[in-house]
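**Q** Work out the full structure, taking the sequences as your base and the hints as a guide.
Chain order of the listed sequences is A and B.
With the numbering used here, the residue at position 379 of the first sequence is 379, and numbering never jumps.
With the numbering used here, the residue at position 95 of the second sequence is 95, and numbering never jumps.
Please note that the accuracy of each hint is not assured.
Claimed, not checked - Once the Cα atoms are required to be at most 20 Å apart in a straight line, the calculated DMTMM-like pairs of lysine to aspartate or glutamate come out as:
1. B:K122 x B:D87
2. B:K115 x A:D370
3. B:K111 x B:E88
4. A:K233 x B:E131
5. A:K309 x B:E13
6. A:K364 x B:E131
7. B:K122 x A:D370
Calculated from the structure, these hints are not laboratory results.
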Amino acid sequence: MIYKFLQTLHDMILESGIYQICNGFIADEGYKIIIMILISFVFMYLAIAKGFEPLLLLPISFGILLTNLPDAAMYHSYLFEGNIDYGRILHEGGLLDILYMGVKLQIYPPLIFLGIGAMTDFSPLIANPKSFILGAAAQGGIFFTFIGAALFGFTAQEAGAISIIGGADGPTAIYVSSKLLGGGGFDVETGTIALAAYTYMALVPIIQPPIMKALTTKKERLVRMGQLRPVSKTEKIIFPIAVTVVVTLIVPSAAPLVGMLMFGNLLKESGCCDRLVKTAQNELMNIITIFLGISVGATTTAEKIINPKFGGVIVLGVLAFSFGTASGVLFGKLMYLATRGKVNPLIGSAGVSAVPMAARVSQKVGQQYDPTNYLLMHAMGPNVAGVIGSAVAAGVLLNIIPY
Amino acid sequence: MSPNLLLLSKTVEMTPEFVAAVVITGFVLTFVCLIILILFVQFLGKLVNKLSKKKILNQPKNNGAVPASKADASKAVSPVVSDGIDDEVVVVITAAIAAMSASSGKKLVLKSISKSATPMRKPWAMAGLQENTKPF
Chain A
1 MIYKFLQTLH DMILESGIYQ ICNGFIADEG YKIIIMILIS FVFMYLAIAK GFEPLLLLPI
61 SFGILLTNLP DAAMYHSYLF EGNIDYGRIL HEGGLLDILY MGVKLQIYPP LIFLGIGAMT
121 DFSPLIANPK SFILGAAAQG GIFFTFIGAA LFGFTAQEAG AISIIGGADG PTAIYVSSKL
181 LGGGGFDVET GTIALAAYTY MALVPIIQPP IMKALTTKKE RLVRMGQLRP VSKTEKIIFP
241 IAVTVVVTLI VPSAAPLVGM LMFGNLLKES GCCDRLVKTA QNELMNIITI FLGISVGATT
301 TAEKIINPKF GGVIVLGVLA FSFGTASGVL FGKLMYLATR GKVNPLIGSA GVSAVPMAAR
361 VSQKVGQQYD PTNYLLMHAM GPNVAGVIGS AVAAGVLLNI IPY
Chain B
1 MSPNLLLLSK TVEMTPEFVA AVVITGFVLT FVCLIILILF VQFLGKLVNK LSKKKILNQP
61 KNNGAVPASK ADASKAVSPV VSDGIDDEVV VVITAAIAAM SASSGKKLVL KSISKSATPM
121 RKPWAMAGLQ ENTKPF
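**A** What follows is the structure, given as structure tokens:
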């Protein structure tokens with residue numbers, strides 16, 4: 001009886017995660033698992049205590065924890081390499097493998113865009129359509145970073161996935177990276193791209209202001225912009241339909257993202273589908289956010305994160321954000337000159353998406369110089385234009401780079 | 001493999017030509033797409049504006065409107081209002097003071113209204129801005 005008890009105890013110890021980490025601490029790089037678990041704790045701290053994009057960073061960080069616990073068997077990276085057998089994943093995969101299929105098949109990001117569309121008010125953009133230019137200019141971060149990624153020695157697919165971080169749009173980054181890196185065999189994973197994108201998006205209020213201040217004069221920062229004109233319901237209804245048609249005809253690859261974004265917005269603006277709008281804004285959005293976050297976090301295994309290439313992604317990610325902000329502000333300056341001082345260049349930085357945080361940063365920096373200056377609604381124009389712009393840029397990348 | 005503009009093979013060498021092609025094509029297509037949208041939205045705005053103006057002109061004129069009677073202000077003492085302050089601002093301030101008087105039971109008198117040193121927005125514009133920016 002005692003022997004049986006000790007035998008069972010012995011077997012349990014051999015199967016435990018603690019034994020596996022200790023046993024292969026050096027030989028099987030068990031220390032990397034401990035580092036990954038600590039990284040997940042840091043991200044959990046940032047999400048809970050510091051409020052850094054908690055809705056996504058918390059599920060992502062918990063996904064990192066689950067995937068790196070030895071023998072948890074919730075995610076198996078080998079199931080997604082080469083030609084993926086989805087039937088096998090359903091039979092042999094763990095919970096996170098099955099949830100990750102939604103990322104791999106590019107289902108979650110367009111559904112998130114549906115929810116974003118149902119929550120977004122495009123009135124500031126319709127009232128001042130020139131904001132589209134700032135939304136396009138801020139995508140400079142994507143394309144300049146592509147050059148940087150090439151210099152770092154990344155492959156075309158990896159460079160495309162890294163550069164899309166400059167779009168400051170989480171679902172777009174996940175959509176593009178899962179498509180470009182879908183074939184497997186890359187040093188960069190969708191999870192790493194998502195992690196970098198969401199971390200930098202949370203850091204927008206820290207990254208952007210110094211660049212905005214460095215590139216503008218005090219006179220430019222004090223510019224007060226005129227009141228926006230009221231937008232009719234007809235315009236609000238026609239806008240999503242027109243954007244879908246125009247963008248899809250020019251860049252068909254952007255259709256899943258732009259199409260779903262605009263579908264969500266049409267549901268909202270039509271005023272006849274309240275139940276669907278509420279579902280898209282709340283239940284659907286929340287469910288997809290949980291699935292997306294935890295499954296993307298699960299892909300960040302030790303071998304993908306603890307390598308020099310991840311350092312490259314982190315450096316290029318911050319460069320992408322900085323370039324995007326700078327090109328938006330510089331185009332804002334051009335508009336300031338062209339309109340003889342009627343446009344405040346600070347709204348240009350909001351063109352990097354990250355709705356509505358980037359617009360809030362424009363407002364905050366503007367108010368540091370004139371507390372009665374309200375730039376928020378003017379900055380919302382380039383901000384929502386940035387969402388469309390980054391989806392278009394994503395479509396262009398998917399068109400040019402083979403995968 | 002998806003159809004692509006440059007018809008490249010799956011493994012692409014990151015030559016300067018390819019990188020330049022990605023950057024230039026990306027920039028140009030993104031700008032072209034969004035410029036077309038600017039033109040369309042501007043056209044749509046003008047069209048809707050024109051149609052709504054036409055609609056207003058076609059509406060029959062309202063003959064039944066009765067002009068509002070003047071308030072009995074014979075007993076009220078007008079406060080000293082400095083130049084450049086709109087009547088609507090004076091109305092809002094006096095209305096607020098009247099409401100306070102009614103609730104507190106004390107008789108309050110407004111003696112003067114003058115501009116502050118720092119330029120301010122109109123109160124209605126401020127209220128509108130705060131209402132519009134509340135969701136963000």
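**Q** Next, verify each hint and record whether it holds.
**A** Hints, verified against the model:
1. Annotation: proposed proximity of K122 of chain B to D87 of chain B holds, straight-line Cα distance about 11 Å (limit 20 Å).
2. Taking the CA atoms of K115 of chain B and D370 of chain A, the gap is near 18 Å; set against the 20 Å cutoff, the hint holds.
3. Distance restraint check for K111 of chain B and E88 of chain B: the Cα-Cα separation of roughly 17 Å lies within the 20 Å cut-off, and the hinted pair is therefore satisfied.
4. Between K233 of chain A and E131 of chain B the alpha-carbon distance is near 19 Å, which keeps this suggested pair within the 20 Å criterion.
5. Under the criterion of a C-alpha separation no larger than 20 Å, the hint pairing K309 of chain A with E13 of chain B is consistent with the structure, at around 18 Å.
6. Between K364 of chain A and E131 of chain B, the direct Cα distance comes to roughly 17 Å. Compliance with the 20 Å bound is thereby established for this hinted pair.
7. Note on K122 of chain B and D370 of chain A: the hinted pairing holds, with a Cα-Cα distance of about 16 Å set against a maximum of 20 Å.
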